[in-house]
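Peer 1: Using the sequences and the hints given, assemble the complete structure.
Numbering of the sequence shown is given in the UniProt record's numbering, commencing with residue 1 and proceeding in unit increments.
No lab work stands behind these hints: they were computed from the structure.
Take these hints with a grain of salt, some might be off.
So the derived label-pair ranges between C-beta atoms look like this [to be verified]: (1) Val108 to Ser12: 39 to 49 angstroms; (2) Ala45 to Gly98: 14 to 24 angstroms; (3) Thr105 to Pro9: 45 to 55 angstroms.
The C-beta atom is built at its ideal place from N, Cα and C for all residues, glycine as well.
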Amino acid sequence: PPSPLPLPPPPSPPPRLPPLPPLSPSPSPPPPFVPGAKVIPAVVASFLVNGYTVDSFPLSDFRRHLSAFIGVDATKIELVLTGQDSVGQGRRRLSEIGAVIVSATVRVAST
Numbered sequence: 001p002p003s004p005l006p007l008p009p010p011p012s013p014p015p016r017l018p019p020l021p022p023l024s025p026s027p028s029p030p031p032p033f034v035p036g037a038k039v040i041p042a043v044v045a046s047f048l049v050n051g052y053t054v055d056s057f058p059l060s061d062f063r064r065h066l067s068a069f070i071g072v073d074a075t076k077i078e079l080v081l082t083g084q085d086s087v088g089q090g091r092r093r094l095s096e097i098g099a100v101i102v103s104a105t106v107r108v109a110s111t
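Peer 2: And the structure:
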C-alpha cells in the first residue's frame, strides 16, 4: 500500500496584540455641584473594531446602532477614533492600520 502523505505543519498562532493603554483620568476636576443645576450624566466606553482603518470606519452607522443598542434617548454621542496597526507594533500609516479603537462618550438628559 502507498505510504500516507505527511501532514502539513500546524498553523502558527496569530500575533498577540499588546494590552490597551489605561484610560487617562479627566484633565480637570468636575465643576462643583450647584443646587438646581441640570446634571447630564455621561458614560464613556471603548470598543476595538477589527478590519477597518480610521478612514474606512462607518462612523454614522456605528453612532446609529450604538444609540439603538443602549435604548435611551442620547442627547449627545461623541466618538473618537484611534488607529492601531494589524500586528500591534505601534502606530503606522493609515493604509496599514488593521483595527480602530472607538471611544464613545454618551450623554443622556436626566428626566
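Peer 1: Honestly, do Thr105 and Pro9 meet the 45 to 55 angstroms range at C-beta?
Peer 2: 47 angstroms Cβ-Cβ, so the 45 to 55 angstroms window holds.
Peer 1: Given the hint of 39 to 49 angstroms, is the C-beta distance from Val108 to Ser12 inside that range or not?
Peer 2: At 46 angstroms between Cβs, range holds.
Peer 1: I want to verify a distance hint. Is the separation of the beta carbons of Ala45 and Gly98 within 14 to 24 angstroms?
Peer 2: Distance hint for Ala45, Gly98 holds at roughly 21 angstroms.
Violated hints are absent here; each numbered hint is respected by the structure.
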